[in-house]
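Number of protein chains: 2
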Amino acid sequence: MLKNNRQTVKFLPLCVMVLLLAVLVSSAAAKAPKYVFLFIGDGMGIPQRSAANEFAGKKLLVDTFPYQGITTTHAADRFITGSAAAGTAMASGLKTNIGVVGMGPALKPVKTLGEMARDTGMKVGIVSSVSIDHATPATFYAHVPKRGQYYDIDVALAESGFDYFGGGTIKDPENERGNASEFKGNAWDLIKENGYKVVKSRRGFENLSKKDGKIFATNEWIQNSGALPYQMDTTGNDISLSEFTEKGIEVLDNDNGFFMMVEGGKIDWACHANDATAAIKDTIEFNRAVGKAYDFYKNHPDETLIVVTGDHECGGMTLGFAGTKYQTYFEVLNGQKTSFREFTNKIVSSFKEKEVTPSFEDMKPHITDYFGLKFKGEADDPMVLANHEITRIIEAYQRSMNKEEVKSGDPRTYVMYGGYDPLSVTLTHVLNQKGGIAWTSYKHTGVPVTTSAVGIEGEKFQGMYDNTDIALKIMETMGLGTTAKYAAAAR
Amino acid sequence: MLKNNRQTVKFLPLCVMVLLLAVLVSSAAAKAPKYVFLFIGDGMGIPQRSAANEFAGKKLLVDTFPYQGITTTHAADRFITGSAAAGTAMASGLKTNIGVVGMGPALKPVKTLGEMARDTGMKVGIVSSVSIDHATPATFYAHVPKRGQYYDIDVALAESGFDYFGGGTIKDPENERGNASEFKGNAWDLIKENGYKVVKSRRGFENLSKKDGKIFATNEWIQNSGALPYQMDTTGNDISLSEFTEKGIEVLDNDNGFFMMVEGGKIDWACHANDATAAIKDTIEFNRAVGKAYDFYKNHPDETLIVVTGDHECGGMTLGFAGTKYQTYFEVLNGQKTSFREFTNKIVSSFKEKEVTPSFEDMKPHITDYFGLKFKGEADDPMVLANHEITRIIEAYQRSMNKEEVKSGDPRTYVMYGGYDPLSVTLTHVLNQKGGIAWTSYKHTGVPVTTSAVGIEGEKFQGMYDNTDIALKIMETMGLGTTAKYAAAAR
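Residue numbers (this note's numbering), protein chains in the order written: chain A, 1 to 491; chain B, 1 to 491.
It is worth saying that the hints were derived from the structure and are not from the lab. Among the hints, erroneous ones may be present.
[What the hints assert, rightly or not] Heads up, incomplete: computed chain A residues facing chain B, CB under 8 Å, no partners named:
hint : residue
1    : I70
2    : G148
3    : L319
4    : T450
[Claimed, not checked] To spell it out: a stretch of chain A is covered by chain B in this simulated footprint if at least three of its residues, at any positions, have a beta carbon under 8 Å from a beta carbon of chain B; those stretches are:
hint : stretch
5    : 46 to 60
6    : 439 to 446
As the structure is a prediction and not an experimental result, all values here were calculated from the model. All residues carry an ideal CB built from backbone N, CA and C; glycine is no exception.
With the rest of the complex left out, here is chain A:
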């Protein structure tokens, strides 16, 4: 093929140069991403994603991402993790103990992705559908031994120097829990003193722009515990997770790029309560928030990385129930009109307040209104309750109306109701089971979760790896150095 070897030898150095040029061009394309998104579905395991896909009748956007991996979640001191340990792992690459926020097992603080990004001049945004001082978001800006130190976390937020906080509110601005390491005054005041514009209404939110500088945006209606309402409970006045995400992108976009963490926190809360409909609808809204980042990515494909994961599974959700055998009927979930939380708050509470406990007959129409479950009807109507289901519901109703029994700590009662209002949790159990969806726990479980990625070096997120690797891979991709130095310092 090559007749003159000496000629070839003469050409080789130039060939090498041409090849080097090619390599330079390709490595230029693989420069650090300017825009980095980390989406964390709290309690969003593989069954939650699968259920949302099936309910929606089509693949979620996150399932169409080109890179998919499996992520293990254990904490340093427990197989089944919690949000603080899992959040710290994903924020800092460090395996820590249950309940610890932004510190190693020896309680030395560890630098977070958010802080590293801030220190390189990028803007930083933190969004969550639960309180913005809850464990997962806190692990990106706070360093406290116990996740319950909300006041300390609120102070850390005020002093973080991050650019955008959006979603739920803060839980303990006045240190009412009394567990502050040092009281520095009202946390809202500190937040404002540190230059944040605080808005708490849709109108204020819609008027926000880059000109406002640092922003803390929350929703007018805080459903409970500092969180946004479940997506299925929202009205037109509520600001959704995807809107908080979209606004974050708008105000963070700048020449130095940004890092943004978005948590779908109420997926977890819905799963703790074994409410599949609420969990699925919050998962779909979370996926919609990812869609806002994906729209941005399409305009900046060579400068963006999007990583979507869960911090752990919650509830031991599975897509198959003994009573429905090989069948599933996800469409029955359409019968449910609000989350368990709204049913408890609105209906069960009003019944409890009455001097004479109303009869179960009075509750029936509410059960049909809120969950679509019918007490009589055609045998082939999937919403009609079987006798054994009615028996369960009546028993639960009686316990709901009698607080003492449920709080007795009887292990059988706990397994049945998990400390939730017995009627509400029994109604979601019955409805979910009719759909072929079942649960084994009111807490998290230890099964791995899915991680999905698109964009710059997204291929790194293929395979099977630990939650600490999420932070390490992002840091490496962003050129922040291996975390080894940060993580080691905190061990």
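Once you have looked at the hints, place chain B on chain A.
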């Protein structure tokens, strides 16, 4: 950098040639694998693999494979798949209906990976821990509308021309079920007439070698339904799944290469019965079988592809139970000495045979012997039963001794026992729950499974894809052409 453009232009054609050479060398390295293994853990979903890892206290070999993916499993006509539809998907790349073996939804036969490999001159081996005519192995050599046509499947096996069958036996050699499409005589006779050496003992098995030509090897003890015993029930005389795999590699190895499918079939059966210990120990044995292929791969790294997957999850297993909250205690499973099957066969059966039903007191020592569960002891002993657990066990014992009640079809009874012996399944439920492991079903579930790969083009098995893609990716890698032509012909 390049001063003389005209000189560069002159060099370019030679550079292109040098580059072409490099491409040729690299594509030579990526030639079709000579040795291809497909391992299918029946009922081995993500929780089963995770549980086996945790129980073993270290990562299974399959979890250390460099390429890991997530595989969706649905059938053409049902969200929750079955082994026949899932097996057909993985054997032929074709989505089919529940119960159909090696045919499309319109019942046209589809060519399988095994048949394609055979037709290119490779040797073919099929190994399973359940009967070798069970749905999963059958999908690689048989084409029947209903998986229950065991006699037809046995005839297809005899006529397959495959080189090695190892593991369980055949279920209907005499067409006792009477559902044969055509009776051609005793299937064992047909198998021998087609040149197979049949061995049914350890001694015969150990003496097998390449010189024996085509081989059908099974175990002396068939525990039930044509299957090998559960791994935890085996004695030294039983041939394990890993031994059948190792022998297969030995006799199949030849200059034209081989394709081998190995099924861990009893993982599924253990999960149907909600017996975590049996499922985990069969998963570990399945992983050991993969280890035999991996040893072979290490000697032929540039000629081998190993793919390991599951056909679906089974039982709705999760690693977290309401009663144990955030804790797991996998070590309690060590208390169990045999599978639920042996306990039912040996202990429950003998009790039932007695004219006067023995008192529960007589059963207690057997429960302690077989499951490690204690009726009294120190409060901190995790094996000591709580009162509410004892109540459940006594109720189950009474139902076990009274067949009629369980077979009544009462949906509550079915949810509790799934048609299994009530005492046996309650004991595994109680033991598993003490360990923090729970189940939601006695059937398969619809959550995706993990696929792992190593070797030639193993990277193709990263990401998220459907079970049909497993066959398509293997066919493509083996240079068998896209299945499009085969699959389309069968639609």
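Hint by hint, here is what the structure shows:
no., hint, in the structure
1, I70, "6 Å, holds"
2, G148, "16 Å, violated"
3, L319, "4 Å, holds"
4, T450, "6 Å, holds"
5, 46 to 60, "holds (count 4)"
6, 439 to 446, "holds (count 8)"
Against the hints set out earlier in the document, a violation occurs for number 2 only.
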